[in-house]
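Colleague: Chains A and B are the protein sequences, given in the same order.
Positions in the first sequence are counted from 1; adding 50 to them yields the working numbering.
Positions in the second sequence are counted from 1; adding 50 to them yields the working numbering.
There could be a bad hint or two in this list.
Identical chains share a label here; the pair holds if one copy fits it or two copies do between them.
EDC-like cross-link-like pairs, simulated, lysine to aspartate or glutamate; straight-line CA separation at most 16 Å [to be verified]: (1) Lys206 <-> Glu371; (2) Lys90 <-> Glu59; (3) Lys296 <-> Glu353; (4) Lys301 <-> Asp347; (5) Lys133 <-> Glu164; (6) Lys377 <-> Asp202; (7) Lys296 <-> Glu358; (8) Lys318 <-> Glu59; (9) Lys133 <-> Glu168; (10) Lys318 <-> Asp347; (11) Lys90 <-> Glu261.
In case anyone wonders, no lab produced these hints; they're calculated from the structure.
If you're wondering where the values come from, they're calculated on a predicted model, not measured in any experiment.
2 protein chains.
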Amino acid sequence: MSELLVTVERGQLIESIHRGDIAIVNAQGEVISSVGDIEKVVFARSSMKPLQTIPIIETGAADHYQFDDGDLALACASHNGEKQHTERAASILSRLDLEVAHLKCGMHPPRRQEAFEELIKSGGNVTPIHNNCSGKHSGMLATAQHMNESVDDYYKIDHPVQQRILTVISELTDVPMEDIQIGIDGCGVPVHGIPLRNLALGFARMADPSELEESRQQSIRRVTTAMMNAPEMVGGTSRFCTDFMKHMGGKMFGKVGAEGVYCVGVPKAGIGIAVKIEDGNARATSAVIMEILSQMDLIDEQEAGALESYHYPPLLNARKELVGMLKPVFSIYETAR
Amino acid sequence: MSELLVTVERGQLIESIHRGDIAIVNAQGEVISSVGDIEKVVFARSSMKPLQTIPIIETGAADHYQFDDGDLALACASHNGEKQHTERAASILSRLDLEVAHLKCGMHPPRRQEAFEELIKSGGNVTPIHNNCSGKHSGMLATAQHMNESVDDYYKIDHPVQQRILTVISELTDVPMEDIQIGIDGCGVPVHGIPLRNLALGFARMADPSELEESRQQSIRRVTTAMMNAPEMVGGTSRFCTDFMKHMGGKMFGKVGAEGVYCVGVPKAGIGIAVKIEDGNARATSAVIMEILSQMDLIDEQEAGALESYHYPPLLNARKELVGMLKPVFSIYETAR
Numbered sequence: 051m052s053e054l055l056v057t058v059e060r061g062q063l064i065e066s067i068h069r070g071d072i073a074i075v076n077a078q079g080e081v082i083s084s085v086g087d088i089e090k091v092v093f094a095r096s097s098m099k100p101l102q103t104i105p106i107i108e109t110g111a112a113d114h115y116q117f118d119d120g121d122l123a124l125a126c127a128s129h130n131g132e133k134q135h136t137e138r139a140a141s142i143l144s145r146l147d148l149e150v151a152h153l154k155c156g157m158h159p160p161r162r163q164e165a166f167e168e169l170i171k172s173g174g175n176v177t178p179i180h181n182n183c184s185g186k187h188s189g190m191l192a193t194a195q196h197m198n199e200s201v202d203d204y205y206k207i208d209h210p211v212q213q214r215i216l217t218v219i220s221e222l223t224d225v226p227m228e229d230i231q232i233g234i235d236g237c238g239v240p241v242h243g244i245p246l247r248n249l250a251l252g253f254a255r256m257a258d259p260s261e262l263e264e265s266r267q268q269s270i271r272r273v274t275t276a277m278m279n280a281p282e283m284v285g286g287t288s289r290f291c292t293d294f295m296k297h298m299g300g301k302m303f304g305k306v307g308a309e310g311v312y313c314v315g316v317p318k319a320g321i322g323i324a325v326k327i328e329d330g331n332a333r334a335t336s337a338v339i340m341e342i343l344s345q346m347d348l349i350d351e352q353e354a355g356a357l358e359s360y361h362y363p364p365l366l367n368a369r370k371e372l373v374g375m376l377k378p379v380f381s382i383y384e385t386a387r
Numbered sequence: 051m052s053e054l055l056v057t058v059e060r061g062q063l064i065e066s067i068h069r070g071d072i073a074i075v076n077a078q079g080e081v082i083s084s085v086g087d088i089e090k091v092v093f094a095r096s097s098m099k100p101l102q103t104i105p106i107i108e109t110g111a112a113d114h115y116q117f118d119d120g121d122l123a124l125a126c127a128s129h130n131g132e133k134q135h136t137e138r139a140a141s142i143l144s145r146l147d148l149e150v151a152h153l154k155c156g157m158h159p160p161r162r163q164e165a166f167e168e169l170i171k172s173g174g175n176v177t178p179i180h181n182n183c184s185g186k187h188s189g190m191l192a193t194a195q196h197m198n199e200s201v202d203d204y205y206k207i208d209h210p211v212q213q214r215i216l217t218v219i220s221e222l223t224d225v226p227m228e229d230i231q232i233g234i235d236g237c238g239v240p241v242h243g244i245p246l247r248n249l250a251l252g253f254a255r256m257a258d259p260s261e262l263e264e265s266r267q268q269s270i271r272r273v274t275t276a277m278m279n280a281p282e283m284v285g286g287t288s289r290f291c292t293d294f295m296k297h298m299g300g301k302m303f304g305k306v307g308a309e310g311v312y313c314v315g316v317p318k319a320g321i322g323i324a325v326k327i328e329d330g331n332a333r334a335t336s337a338v339i340m341e342i343l344s345q346m347d348l349i350d351e352q353e354a355g356a357l358e359s360y361h362y363p364p365l366l367n368a369r370k371e372l373v374g375m376l377k378p379v380f381s382i383y384e385t386a387r
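Work out the full structure: start from the sequences and follow the hints.
Modeller: Right, here's the structure in full:
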């Protein structure tokens, strides 16, 4: 069963709590530490994007369409829909000779309120390019276009784009393709259900691909380097993914997934970390990740200081006064296997 | 401990779950049914607003400032910030001879995205009147103004406005004033921490005040009638509070509170229902309330049909396709005391 991970405190009272599961695994598949049930099958959601970006490189599409770090990072992104994101997605589409209408992600307003406000003020309309997944979809279109495949139904599980992604996920997480549970994501493409332990393994191999074949090593390093070099593309202003990678300065990479998923890869330690909040609430994930890294001594004082508001997320009222706080309350050692 | 109440299903997988507690109590304080831990102290948050509205009537402010059903319902509201809400709040303030600047609730964009968009398009600015609690604050100002008290610090716990509210809450919930735990709400005023059982008792007495003194009975009936007569003021377009009371046509009243609280009063049955989702996620509350009413046979087929999307909230992707669903999975009878 999931364990208590985070309390939400207001005044003197614990107002709410978040339970969840934590898997910390190395590239050889050994469980370094765990909390809760790491065999639980979870949808990785957008935390799978870094793995999904690998085929853009391995099909040759990335080179053909001159993807730089920012483009690859945007393919890994759940972005804010800020101008820096939408302009880059538009640039990728134009290199593919495709239009915004080719994006099958559907639309929602930019995640960042200021970006939405700016869009409306300038007389613009919300389009699929503002969808937080427009970079991933542009990347999927890049592989389809480059491989001369249909660009109209790339979101369907039988399309070669999705089958290539499924193959990479299976290879990196050690879950046979037929055992990967498929659902549909908020942006209309398949999501992948695998045990939390295997999700951590996937990130461990992204962090330490040294035992994989040479070309796979190279494509993985290109993805993770891109995320760490262009963290502003992975999320945006005031987003944990972005601020985390910015302040960790190339030491590790992290990616959020919907419904309370967060994964981190730590190259130096050769480990992958996968977290799932049982109730799906994203607000608890940064606190859990920061606490794990802190307990494992993988983060120094300066980094911890810069990221403190993600470690202990404050509750502010509409007058910007501090009225409560989220606090991680678990130990990865007490419950370690 | 909290019990499993709702599953969040995507494809064939349970992606997330919500645990929580349920108290169903009559006006005599007898527990009719319960799930989980009903002695747990919870902040009632905005579900307390109907009780907090009583002093507006009992001080004479409601009559003096000609509060109609819509005004009283707005005082009970966590509203969408639609024009219907902001114009009514402005009307109350003007009757008090006060300004928007007197509202100490702080500001946030209108909850309803369309209302925010409309505001920006029309060149307007977000002000405290768009805060979902602006009706409650206007009501608090009404009592302060009517009683010739300071209108500048009405949000402080020592102010007579807050002390009157505390007294009413204590009387209706049977929790001694000194045992009510105080925190600060998202809008800057005190929130009240009491056992879930007592919160249900408060709503039971709002539903069946027949054993209370005559003037209290009258003021309670005026509040609950106002909510049921003007449900569009209590929430707004596509909000559960509003749609629920609209479709229940005067049979019951309900009010959401932040962090996964929901309370319902059922006059015919003389009961109050209080629900707290352990993790604070509001998305599970309507499913729980609808399931309770359904299990208690308090809702007919037509009402159930009209409110089905609140009983089994669908998960839609950005292309508006159905990709999952929330499902209540508890029984109030199996776990009844």
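Colleague: With identical chains, the pair lysine 377 and aspartate 202 could be close in the same copy or across copies; at 16 Å between alpha carbons, which is it: within, between, both, or neither?
Modeller: Close neither inside one copy (46 Å) nor across copies (34 Å); limit 16 Å.
Colleague: One pair to classify: lysine 206 and glutamate 371, alpha carbons no more than 16 Å apart. Within, between, both, or neither?
Modeller: Close across copies (14 Å), not inside one copy (47 Å); limit 16 Å.
Colleague: Is it within a copy, between copies, both, or neither that the alpha carbon of lysine 133 lies no farther than 16 Å from that of glutamate 164?
Modeller: Within one copy, since 11 Å is at most 16 Å while 22 Å is not.
Colleague: Under a CA distance limit of 16 Å, which applies to lysine 90 and glutamate 261: within one copy, between copies, both, or neither?
Modeller: neither (26 Å within a copy, 52 Å between copies)
Colleague: At most 16 Å between C-alpha atoms: does lysine 296 with glutamate 358 qualify within a copy, between copies, both, or neither?
Modeller: within (14 Å within a copy, 45 Å between copies)
Colleague: Could you figure out if lysine 318 and glutamate 59 sit no more than 16 Å apart (CA to CA) within one copy, between two copies, both or neither?
Modeller: neither (35 Å within a copy, 37 Å between copies)
Colleague: Cα distance capped at 16 Å. Does lysine 296 pair with glutamate 353 within a copy, between copies, both, or neither?
Modeller: within (10 Å within a copy, 52 Å between copies)
Colleague: My question is about lysine 133 and glutamate 168: at a cut-off of 16 Å on alpha-carbon distance, are they close within one copy, between copies, both, or neither?
Modeller: Close inside one copy (10 Å), not across copies (22 Å); limit 16 Å.
Colleague: At most 16 Å between CA atoms: does that hold for lysine 318 and aspartate 347 within a copy, between copies, both, or neither?
Modeller: Within. Shortest intra-copy distance 12 Å satisfies the 16 Å Cα cut-off; inter-copy 60 Å does not.
Colleague: Within a copy, between copies, both or neither: which one fits lysine 90 and glutamate 59 at a CA-CA cutoff of 16 Å?
Modeller: between (28 Å within a copy, 14 Å between copies)
Colleague: If the cutoff is 16 Å on CA atoms, where do lysine 301 and aspartate 347 land: within, between, both or neither? Let me know, please.
Modeller: Within one copy only: 13 Å inside, 58 Å across.
In summary, the structure is inconsistent with hints 6, 8, 11 from the numbered list given earlier, while agreeing with the others.
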